[in-house]
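Combine the two chains into a complex, taking the hints into account.
Quick mapping for you: the protein sequence lines, in order, are chains A and B. According to our numbering, the first sequence holds residues 1 to 102 in order. According to our numbering, the second sequence holds residues 103 to 236 in order.
It is worth saying that the hints were derived from the structure and are not from the lab. Please note: incorrect hints may appear among the correct ones.
Straight-line Cα separation of at most 27 Å, DSS-like style, residue types lysine-lysine; simulated pairs [as the list claims (entries may be wrong)]:
hint : chain 1 : residue 1 : chain 2 : residue 2
1    : B       : K107      : B       : K179
2    : B       : K163      : A       : K81
3    : B       : K170      : B       : K106
4    : B       : K153      : B       : K184
5    : B       : K107      : B       : K216
6    : B       : K179      : B       : K153
7    : A       : K51       : B       : K184
8    : B       : K184      : A       : K18
9    : B       : K216      : B       : K106
10   : B       : K153      : B       : K216
11   : B       : K184      : B       : K212
12   : A       : K81       : B       : K216
Because the structure is a prediction, the values reported are computed rather than measured.
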Amino acid sequence: MAMLHIVNKSPFERVAFKSCLDHALAGDSILMIEDAAVGATDGTIFSEELKAAMADKSVYVLGGDLAARGVSEDRMIDGIKVVDYAGFVNLTVENDTTQSWV
Amino acid sequence: MATKKFMYVNRKAPYGTVYALEALEVVLIAAAFEQDISLAFIDDGVYQITKEQSTDGIGMKNFSATYKALGDYDINKIYVEKESLDDRGLTADDLMPLVWEDEDDDWAEKPSIKIVSREEMAAVLAAQDVHYSF
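Looking at chain B on its own, in the form it has when it is part of the complex (with noise of 0.2 Å):
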């Protein structure tokens, strides 16, 4: 099967909706097929991978520690776009230090997150061959 470029476009915050949770169980199983993956965070999408998040207050339940186990499934592309962090109030130290092992590398831990202009993430966006909107 020939490798694509898949990117899971995530613009929604956690909870209020099922978006988030959603997009997540989908690009776990993505990843067991072994494609091209990569994540955007735009808009109000960046609120997904706040770290020190709680829902004890929601009685929901609270799936932010997913995402740090992205780097395991060799999910290592994940690109946050400035201007909505900055629309937001919010900065990289806002975010989870989400990372990955580099094989290559003696397993070095290196990080995920690459923090993109909206001008750098039209370029990403448009480089892939398959998108997910969620």
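Excised from the complex, chain A in its bound form (with noise of 0.2 Å):
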């Protein structure tokens, strides 16, 4: 049963993401949207952290949230897939299950 996590608090505000990453198992996705998106970014205190669960779970992010906050894609963590809101509808229907860490 693999699970879609959507997280929309940002890494370094609040501990849902956090949360998110120690409850995912693996062979399940993530997806960050809204404030979420700035997790996406690599070089920060909470990159490596999110490579980790990189090792057996799909990361997403919501292109256009990234580009609202001024984070362009190239400062991505390798490996986060872009994804637009038909992405995001995809990624609920490929999955079983769907879990909102808000």
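Dropping the structure here:
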């Protein structure tokens, strides 16, 4: 049972993102939206933790939310996939269940 | 009316919540009352003044250009905490070049942004009369 985890809180401000990483299982997908999008940036105090999770989980970011916060895609951690709203919908369809870490 | 030192503390990323936009509107109103105004960008607040923000993909109004108008309202004390930038993999080069024109120096264009350490930021905050938190 693959699960899609949706995170919308900045990893620098709340523990929601960390809690998501602590509960997501191998094979799950994690999608960063809204304020969580900044977590896709490489070279931050959070990036190593996310890279470790990417060893056995797929990580996505909503491109529009990243651009709105002035973070260009070439600043992202390698391996994170950028999706648009249609890609967001596809992820919810491809996974058996969805959980939002609000 | 006596002049007071007003500090607007910005600690949230833009667009995810309405804090950043609300703070900007309150600052512009305050500018009309000719008080001594400072802005601080701490924690995720630094994302409010990153350059090249594009909201095309989220269907929201991009209000980042409004920060560039602050100098025209004599708001030129904009403090950005270095540790907050460092933690997020950002540098001063990732921020919009906010400037003001100095009337007493032949309208020379001068930078409004001061990158300060956390220790310096604490001192700046302590030196204010009123704090507004966003």
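For each hint, the structure was consulted:
Between the alpha carbons of K107(B) and K179(B) the distance comes to roughly 11 Å, so the proposed pair stays at or under 27 Å and holds. Note on K163(B) and K81(A): the hinted pairing holds, with a Cα-Cα distance of about 25 Å set against a maximum of 27 Å. A hinted pair counts as satisfied when its Cα atoms are at most 27 Å apart, and K170(B) with K106(B) qualifies at roughly 24 Å. Using a Cα cut-off of 27 Å, the hinted pair K153(B) and K184(B) holds, with the two alpha carbons roughly 17 Å apart.
Proposed proximity of K107(B) and K216(B) is supported: the alpha carbons are some 17 Å apart, at most 27 Å. Proximity of K179(B) to K153(B) is assessed by CA-CA distance (about 18 Å); at most 27 Å being required, the pair is judged to hold. At roughly 24 Å between alpha-carbon atoms, K51(A) and K184(B) fall within 27 Å of each other, so this suggested pair holds. The straight-line distance between the Cα atoms of K184(B) and K18(A) is roughly 24 Å, inside the 27 Å bound, and the hint therefore holds.
Simply put, K216(B) and K106(B) have alpha-carbon atoms about 21 Å apart, close enough for the 27 Å limit, and the pair holds. Straight-line distance between C-alpha atoms of K153(B) and K216(B) comes to about 16 Å, which keeps the hinted pair within the 27 Å bound. Proximity of K184(B) to K212(B) is assessed by CA-CA distance (about 20 Å); at most 27 Å being required, the pair is judged to hold. Annotation: proposed proximity of K81(A) to K216(B) is violated, straight-line Cα distance about 35 Å (limit 27 Å).
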